[in-house]
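Visitor: Fit chains C and G to the known structure of chain P by using the hints.
Chain by chain, the residues:
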Amino acid sequence: MGNKDVLLSVKNLTVEYTSEGEVIHAVNNVSFELEKGKTIGLVGETGAGKTSIARAILRILPEPPARVPNGEVVFEGKDLLKIREEDMQKIRGKEISMIFQDPMTALNPIMRVGEQIAEVIKLHEHCSKQESIEKAKKMLEMVGIPGERFYEYPHQFSGGMKQRVVIAMALACSPTLLLADEPTTALDVTIQAQVLDMINDLKQKLNTSMIMITHDLGIVAEVCDTVAVIYAGEIMEYGTKEQIFHNPQYPYTIGLFGSLPDLNSDVERLSPIEGLPPNPADLPRGCAFHPRCPYATEECQKEHIELKDIGEGHLCRCCRLQEIAAQKAKEV
Amino acid sequence: MSTAVNDTHVGVRTRRQGQLGQVMHRLRKNKVAMLGLVIMLLLIAMALLSPWIAPYNYAKTSKADRYASPSWQHLFGCDAMGRDILSRIMYGARASLWLGLMSTLVATVIGVLLGSLVGYYGGRVDNIVMRILDIIQAIPGMLLSIAISAALGSGIGNTILALSIGGVPMTVRLLRGSILTVRKQEYIEAAEKINCSKWRVITAHILPNSIAPVIVSVTMGIGNTILQAASLSYIGLGVQPPTPEWGAMLSEGKSMITKYPHLCIFPGLAIMLVVLCLNMLGDGLRDAMDPKLKN
Amino acid sequence: MANPMIEVRHLKKYFNTPKGTLHAVDDISFKIEKGRTMGVVGESGCGKSTLGRTIIHLLEPTDGQIFLDGKDITHVDKKQMHEINERMQIVFQDPYSSLNPRQTVEDVIREPLKLSKRYKTRAEIDRKTDELMQLVGIDERLRHAYPHELDGGRRQRVGIARALSLNPDFIVCDEPVSALDVSIQAQVLNLLQDLQEKQGLTYMFVTHDLSVVRHISDDICVMYLGQLVETSPAKELFIKPLHPYTKALLSAIPSTDIDHPHERIKLQGEITSPVDPKPGCRFAARCPYAAEACKQPQQLEEILPNHYISCCRARELNKDIL
Numbered sequence: 001m002g003n004k005d006v007l008l009s010v011k012n013l014t015v016e017y018t019s020e021g022e023v024i025h026a027v028n029n030v031s032f033e034l035e036k037g038k039t040i041g042l043v044g045e046t047g048a049g050k051t052s053i054a055r056a057i058l059r060i061l062p063e064p065p066a067r068v069p070n071g072e073v074v075f076e077g078k079d080l081l082k083i084r085e086e087d088m089q090k091i092r093g094k095e096i097s098m099i100f101q102d103p104m105t106a107l108n109p110i111m112r113v114g115e116q117i118a119e120v121i122k123l124h125e126h127c128s129k130q131e132s133i134e135k136a137k138k139m140l141e142m143v144g145i146p147g148e149r150f151y152e153y154p155h156q157f158s159g160g161m162k163q164r165v166v167i168a169m170a171l172a173c174s175p176t177l178l179l180a181d182e183p184t185t186a187l188d189v190t191i192q193a194q195v196l197d198m199i200n201d202l203k204q205k206l207n208t209s210m211i212m213i214t215h216d217l218g219i220v221a222e223v224c225d226t227v228a229v230i231y232a233g234e235i236m237e238y239g240t241k242e243q244i245f246h247n248p249q250y251p252y253t254i255g256l257f258g259s260l261p262d263l264n265s266d267v268e269r270l271s272p273i274e275g276l277p278p279n280p281a282d283l284p285r286g287c288a289f290h291p292r293c294p295y296a297t298e299e300c301q302k303e304h305i306e307l308k309d310i311g312e313g314h315l316c317r318c319c320r321l322q323e324i325a326a327q328k329a330k331e332v
Numbered sequence: 001m002s003t004a005v006n007d008t009h010v011g012v013r014t015r016r017q018g019q020l021g022q023v024m025h026r027l028r029k030n031k032v033a034m035l036g037l038v039i040m041l042l043l044i045a046m047a048l049l050s051p052w053i054a055p056y057n058y059a060k061t062s063k064a065d066r067y068a069s070p071s072w073q074h075l076f077g078c079d080a081m082g083r084d085i086l087s088r089i090m091y092g093a094r095a096s097l098w099l100g101l102m103s104t105l106v107a108t109v110i111g112v113l114l115g116s117l118v119g120y121y122g123g124r125v126d127n128i129v130m131r132i133l134d135i136i137q138a139i140p141g142m143l144l145s146i147a148i149s150a151a152l153g154s155g156i157g158n159t160i161l162a163l164s165i166g167g168v169p170m171t172v173r174l175l176r177g178s179i180l181t182v183r184k185q186e187y188i189e190a191a192e193k194i195n196c197s198k199w200r201v202i203t204a205h206i207l208p209n210s211i212a213p214v215i216v217s218v219t220m221g222i223g224n225t226i227l228q229a230a231s232l233s234y235i236g237l238g239v240q241p242p243t244p245e246w247g248a249m250l251s252e253g254k255s256m257i258t259k260y261p262h263l264c265i266f267p268g269l270a271i272m273l274v275v276l277c278l279n280m281l282g283d284g285l286r287d288a289m290d291p292k293l294k295n
Numbered sequence: 001m002a003n004p005m006i007e008v009r010h011l012k013k014y015f016n017t018p019k020g021t022l023h024a025v026d027d028i029s030f031k032i033e034k035g036r037t038m039g040v041v042g043e044s045g046c047g048k049s050t051l052g053r054t055i056i057h058l059l060e061p062t063d064g065q066i067f068l069d070g071k072d073i074t075h076v077d078k079k080q081m082h083e084i085n086e087r088m089q090i091v092f093q094d095p096y097s098s099l100n101p102r103q104t105v106e107d108v109i110r111e112p113l114k115l116s117k118r119y120k121t122r123a124e125i126d127r128k129t130d131e132l133m134q135l136v137g138i139d140e141r142l143r144h145a146y147p148h149e150l151d152g153g154r155r156q157r158v159g160i161a162r163a164l165s166l167n168p169d170f171i172v173c174d175e176p177v178s179a180l181d182v183s184i185q186a187q188v189l190n191l192l193q194d195l196q197e198k199q200g201l202t203y204m205f206v207t208h209d210l211s212v213v214r215h216i217s218d219d220i221c222v223m224y225l226g227q228l229v230e231t232s233p234a235k236e237l238f239i240k241p242l243h244p245y246t247k248a249l250l251s252a253i254p255s256t257d258i259d260h261p262h263e264r265i266k267l268q269g270e271i272t273s274p275v276d277p278k279p280g281c282r283f284a285a286r287c288p289y290a291a292e293a294c295k296q297p298q299q300l301e302e303i304l305p306n307h308y309i310s311c312c313r314a315r316e317l318n319k320d321i322l
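Residue numbers (the numbering used here), protein chains in the order written: chain P, 1 to 332; chain C, 1 to 295; chain G, 1 to 322.
So that you can see chain P by itself, here it is in the shape it has in the complex (with noise of 0.2 Å):
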């Protein structure tokens, strides 16, 4: 990765959570960059910790119970989790901001869905009320919706309607960086085909930089640059969209796209990823994969694994790489 204008540089970001005496490591040691106008992946099943990553870049961790107790995210220059609270809320909603996974519970009932786009505008803008309206009806109009609907309430609204408004919001004060958490799960497909056009085309039009966290590799496909695949709550394997897509290394990369009924393959069964994922209060020694993955040995579960660079910026945590390729290519 060159320095080419990186727009967000996270690094070795720690998220823990304490309960009843527990502790959870959501997130271990995460660092990754985001270069401007660029989109990127992040791959993981529910509980991998891809949700508190985000949350952690915007300070929006209910504290307590989380912990953040050491990481740097760097925009623009400024270290996110060190400046004061009312600088960063200068910054949410205007240069980052959020879509959240449910649209039914992400907007406020008693408040007309006009109202809500346009509070946002008015604390960021420094906008007369008016002009703050005016300005919501336009982002209205922007995602498809009738600019006449400023005054609906959002139980008036269809699921993916309602998603367009929670997007209208996020991109009101045409945000640097999106943070997009699983922004299509709860939607039917065509409307989920809907909405994922409208955030490419907003992207392009206002050059947004974003970070999508999704479970689904075609969403992936069609709208990430670089794809980082999250599991137990660290970086397993990190490329672009080419690298992973076509030379996934990591076993779990691998086991994911075995396991998910493919359109454009055929085969018998589905080859599923045997065992459950870790519980993170609790997580295995070494190789937090290992305990699933049909290649482990006894080195993965020595020592913590360190991501190796396999080439060209594609970045991988296994050590055992190479004894897996040759054992493939002898099975072949």
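Quick caveat, the hints were computed from the structure, so don't treat them as lab data. Any given hint might turn out to be false.
As the list claims (entries may be wrong) - Just some of the chain C residues that point at chain G, by a computed CB distance under 7 Å: (1) Val-125; (2) Gln-185; (3) Glu-186; (4) Tyr-187; (5) Glu-189; (6) Lys-193; (7) Asn-195; (8) His-205; (9) Pro-208.
Said to hold, decoys possible - Derived lysine to any residue pairs resembling SDA-like cross-links, with alpha carbons at most 20 Å apart: (10) P:Lys-122 - P:Tyr-151; (11) P:Lys-241 - G:Ile-258; (12) P:Lys-36 - P:Arg-67; (13) G:Lys-247 - P:Val-6; (14) G:Lys-266 - P:Ser-265.
Glycine included, C-beta positions come from ideal geometry on N, C-alpha and C.
Guide: Chains C and G only, in chain P's frame:
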């Protein structure tokens, strides 16, 4: 199929520990609730054993001891007729506790039966029953008890009836609300699909999962009913003299409250103690019945 | 030729709501042969779950007929219902609400066995319980576990064991993996396929996930707002979709093939309401090819062998494929 790695703590029981067992276990850990329970049990024991352990006969009058202040001879003093207040409190516990418990029991049984019917069948049955209960609830509780009591006459049996009717609408409403949520769960549909009779669906699946709020409300309700019983006696309905009853004792002492406060203080304290303990127990039960709270 | 395991003719299920009559399932006809899986796919509000529940009599049909192995089971009394339950079962979508929180794994599996008159002694019931637990892959040590102590995948296995306990021939799988984590989905899907082979089961697999339905089904029905728009053998649906809605649906799926991005058919507007709908094709409001003729009730026509479609313009729009 491979088994998962980190869930070795799950469900490892070699014998069945029923839901009841789990609830009791959690309850035992709650010191406040256990204190309430222990005191209640002691009070009940006291009530039952009162003929043998009371220092004096509750009906024995004595001109010389009229309005006697508390002393070593009469720990709680004597009332207007020279009767020992301590003995009357001990014996009065019978009437007060019995009234409270029985009325709540009757109200609960009727309430659960009605609530189950109404919650399960819904429709017109639901409408009719709920409107009748609305009417009953519209009448202020005390007024209702008084009216029924006056109509039926005094005595413990009639008082129980009078007190219980007022408690039915609340129980039905609670249970019905609970049942409406539980009914929508897919395991109810599943039960029908595996050939459970309607009766079994209600008793084995719906009720156990919807009864919790009722149980808690009932424990707290006993205290309230005792207060109501006391109020009835206070105005002359309910239990008749010479049978002692805490509320009646309060009533008898009210005219002398400035000169001889001990006539009211002790029955008042007794009522307060029971209500307090039952509330502590009710709180503890509510917490114990919530499976989401960790052990 | 033997009777199909399940046949549905002009099945309708309407609900009375304060706003009007909701046409949840409107004139659906299809057949499912023994041992095969019929996938039923569609977006929210299409009526696929209602269809499944109506076929197995969790809901009473408003009109039309249902045949089980050639026998008309549209209207049944209590006794017949008991017998039907031993032949038709259901696996539910939500692993969190499909199990009684107060029953252990063992309780859930034993209950139908106890209620059925087939097992007389406790020993027989115990044996069958063990067998079922092994069949679906639930570890022995979880016998006395409560649902809240199990993860979604295991709960679904318990639900599947329960569905199998009465030895049914036909199972409606109502979105059985939609609520599960992606890495668990594959495990449960494989289990369902294995069971189908071992026990000769016939499935109706309801889902909104097109990749899953393609993987697991032999034939697929596509539904839109209560209407059946297209039905064909599974693989063929994806190679030769004929109905405009099916085409739009398929093009909407984000593809993992990064080298060949496909053109997306953009649908206008929102899904219309299934309450008191106007006659004719309900997709017309959003269809890029809508015409006057679409306002008439559409007929289900066999355009290719075993490939039925409900669109008056189908032949004309697919000239190049046909």
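Visitor: If a hint holds in the structure, say so; if it doesn't, say that too.
Guide: Consistency of the hints with the structure:
1. For C:Val-125, the interface hint is violated, since its Cβ never comes within 7 Å of a Cβ in chain G; the closest pair sits about 18 Å apart.
2. With a cut of 7 Å, the hint placing C:Gln-185 at the interface with chain G holds, because the nearest CB-to-CB distance is about 4 Å.
3. Checking C:Glu-186 against chain G: minimum C-beta separation of about 4 Å stays under 7 Å; hint holds.
4. The interface hint given for C:Tyr-187 holds, since its Cβ lies 5 Å from the closest Cβ of chain G, which is under the 7 Å cut-off.
5. At its closest, the beta carbon of C:Glu-189 sits 6 Å from a beta carbon of chain G; the interface hint therefore holds under the 7 Å criterion.
6. For C:Lys-193, the suggested interface contact is upheld, since its CB lies about 6 Å from the closest CB of chain G, less than 7 Å.
7. The beta carbon of C:Asn-195 comes within 5 Å of a beta carbon in chain G, closer than 7 Å, and the hint placing it at the interface holds.
8. Interface hint at C:His-205: satisfied, since its Cβ lies 6 Å from the closest Cβ of chain G, which is below the 7 Å cut-off.
9. A least Cβ separation of about 5 Å between C:Pro-208 and chain G falls short of the 7 Å threshold, and the interface hint therefore holds.
10. Restraint check for P:Lys-122 and P:Tyr-151: the C-alpha separation of about 17 Å stays at or below 20 Å, so the hint holds.
11. A C-alpha spacing of about 8 Å is found between P:Lys-241 and G:Ile-258, which places the hinted pair at or below 20 Å, so the restraint holds.
12. Between the alpha carbons of P:Lys-36 and P:Arg-67 the distance comes to roughly 28 Å, so the proposed pair goes past 20 Å and is violated.
13. The hinted pair formed by G:Lys-247 and P:Val-6 fails the criterion: a straight-line CA distance of about 40 Å is larger than 20 Å.
14. Straight-line distance between C-alpha atoms of G:Lys-266 and P:Ser-265 comes to about 25 Å, which puts the hinted pair past the 20 Å bound.
Comparing the model with each earlier hint shows violations of hints 1, 12, 13, 14; every other hint is respected.
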